[in-house]
Amino acid sequence: MDFQWFLVTMLLPGGWALQQSPDTIVRVGDTVTLECSASGKTFVNMYWYKLPVEKDVSMQLVVYSLEGGKADIEKEFKNRFQMLALEQSPHMVIKEGQSVNLECSKKKTSNRAMYWFVLPSQKNSSLTQLVYAFEGAKPEVEKGFESRFKSSKIIGDSITLSIEHAFLNDSGTYYCAESDHS
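When the letters of the sequence shown are read in order and numbered with mature numbering (1 follows the signal peptide of the UniProt record, and there is no 0), they come out as residues -17 to -1, 1 to 165.
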């Protein structure tokens, strides 16, 4: 089984730089070291996610680091990276100007946080966090997306991302992730 690894980081706005290992393909039994450093502004949170290459498999939070704290490995990955699974809306094609709802259900009911990300289909695009939501709290839509992107609260084990009046540059792969981090 092959996996693609990448880093998602949330940084304070303005004058920062992020350096990380390039995308890496790892085969079963291989050892790999992935590095990341941020300079400029102080980082708030940094996250490592795993995106399996299998079709219809969701992105998974592996490690998170909070400002001033140590990195924590998600419980599920402490024992040789055991897999989690989310259920997401299937692939869909919509016309420009239409609205769309994307749904995601977590598989581990004890996980308290859910996230939405997009990997735009434009060349040289990078994964961007759209929403983070914690059980019992109003979801936070990232700056710059609030006008057309809306998110439900976590209801039961599900969360919905709504895109109002989609534009061509909204094309991409939308990912949902869950975490027990709160």
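Hints are not guaranteed to be accurate.
[Claimed, not checked] Dumping the calculated DSSO-like pairs for lysine-lysine here, alpha-carbon to alpha-carbon at most 27 Å:
#1 Lys78 / Lys106
#2 Lys136 / Lys106
#3 Lys126 / Lys106
#4 Lys133 / Lys90
These are computed hints drawn from the structure, not numbers from a lab.
Comparing the hints with the structure gives:
A distance of roughly 21 Å separates the Cα atoms of Lys78 and Lys106; the hinted pair therefore holds under the 27 Å criterion. At roughly 32 Å between alpha-carbon atoms, Lys136 and Lys106 are farther apart than 27 Å, so this suggested pair is violated. For the hint linking Lys126 to Lys106, the alpha-carbon distance of about 22 Å falls within 27 Å, and the restraint holds. For the suggested pair Lys133 and Lys90, the alpha carbons sit about 22 Å apart, so the restraint of at most 27 Å is met.
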